[in-house]
Amino acid sequence: MPERAELGVMNAIIFSALIGVVMMLGGIVIKSNAGIKLLAIILLFILLGSHLAEYYDLFNIHIQTHGMLAKSRFGMFFNTIIISLTLLYVLLSGDEIVKVGTYGAEYFALIFFSLCGATILSSYNNLLMLFLGVEIMTIPLFVLTSSEKKNLKSNEAGLKYFLMGSFSTGILLMGIALYYGGTGLFAIEASKAANEAQQAFRILLPLGLLFIFISLSFKVSAAPFHFWTPDVYDGAPSVFTSFMATIVKTAGFIAFIKLFELRSVDMGYSWKILLPLIIILTLLAGNITAVFQQSVKRMLAYSSIAHAGFMLFALYNPNDFGKQGIMLYTVAYSLATIGTFAVLTKMKDYTYEGYNGLAKTKPVLAATNTIFILSLAGIPLTAGFFAKYYMLASALKESTSNLWLVIVAVLFAAVSVYYYFRVIQAMYFKDGNAETTEIKPFFKTLLIIIAALIIVIGLMPSLLLDLFYA
Amino acid sequence: MIELLFHITAFKSLPLGEVGGALTHIIILSTALFFIGMYGLFTRRNMITMLMSIELMLNSVNINFVAFNKYLYPDKMDGIFFSIFIIAIAAAEAAVAIAIIINLYRTHKSIDVDDVTDLKQ
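From first to last, the protein sequence lines stand for chains A and B. Under the numbering used here, the first residue of the first sequence carries the number 1, and numbering increases by one thereafter. Under the numbering used here, the first residue of the second sequence carries the number 1, and numbering increases by one thereafter.
The set of hints was computed from the structure by calculation and includes no laboratory data. Hints may be right or wrong, so weigh each one.
Claimed, not checked - Cross-link-like lysine to any residue pairs, in silico, SDA-like; alpha carbons within 25 Å at most:
1) K99/A x A190/A
2) K153/A x I102/B
3) K76/B x A190/A
4) K150/A x I98/B
5) K150/A x K109/B
Unchecked claim - A few chain A positions that, by computed beta-carbon distances, are all more than 12 Å from chain B:
6) Y56
7) L127
8) V291
In this text, all values refer to a predicted model and were calculated from it rather than measured experimentally. C-beta: ideal position from N, C-alpha, C; glycine also.
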């Protein structure tokens, strides 16, 4: 596939927005929950098909974007991943999504709109598109978070998410304004100043980048801007937490990498201080607080902060190696998180005690959940191990003086084993009667497929990475 | 960080000229509005006032865009168009926010954020 800067990744963006509208209108005609779920799955297959058609140069909608969106192999491959993950997510948790409230079709429509924002983020080449992508991605999530209208927690989480989301948007906009003041452009490529006054205001550029960095740290929940995450993830309906913690979060990282791959140079030496500081704070805040949680859902929220710390390593070396790493991490982390959350939504009690004795009552659920959790902890033979390995290796590749940071990260990974294994301990070694809602054979089959995928990628990560270069 | 501080302290001694002088005043205004908005967001407990603070932050950015466009880069209209996008998105955000606030008011009978503390642990 040739690189063509003048054409945007149009199919995925246009189709995901259109499909969202079709889904919304479909809700008027189709009344049954099963029908709505089926329509969503069909539409997702259409979206995936249209995207793959563009990927293999069979069919695409040509739109002149004046360089605002750029087609790159990286972005296209990431789009393939997130659309496939959304498909998997809907297949697995579609029944739960329609059960959240009385507006099943609208929930799917909002998921599609959010996906549209994520596809913009993977192909933007202009800060206007970054802003629009972030907003299109997060505004539907405010609604999804507060979609359990009768539940106070859900409402509160929605409000909190909105306040923090729009606050960070304000910071992002201020950053973009300063960036514009410094360069006169919204494009993310380097530029030259023409006259003297413009030259003088070029000093606004590093300040603007700092603001953008802070704002994107909010979006991917990196410490010290992570404080909204546990409450929002805990309060939101579990199915939507799963979507927020995987697709939305990784799309935020893609936006991060695309910008700072080109622009971290302009932040100069301060970049070298800022990045390790944020990484260590994120690992600390995520891992240490997760140890003290009683609810598995809240533990997973903190663990998603800890994983953000690992994904930030990709910013160290955002060349091919770092990009491969973030791809692998996206797949490994998202598969495992979608799996654990799918099991979690079936549980009646979200605390660790709720998992007691799951291995006796539902052996398939317990076994697959064990694999997901091993992958999250980064145990060898699962995908999570190579994902973490690539992240740490990319930091070492940049310079061996980062060794101390890598050692700190490995120590925190060891801490994470403690709280992940508490779930396994509860499932296998404690007596109890774990209660679940009704589980269909199809759901079990899908869980087994996901677990198999994790193991296969864990054994041969090259399978996935070869696809990237195919 | 060190470089940044160096840049800011060096700001005064730069040959800004007439354009730079007028622009500096506008930047001071917009920065002041931005931080007033931020202060309001963190100190006010009324949800509507918090929403207004956020709007203040977004609008202070609009001033920045228009000023940079007029004084530094007048050959294209990028900045002005960006501010139109911001206004549109801010309206969408406000619509969602008001919906959430109304829903909270129905259940809590209050729009004070201190009354909404079910998630505190």
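What are the numbers of the hints the structure violates, in ascending order?
Those not satisfied are hints 1 and 7.
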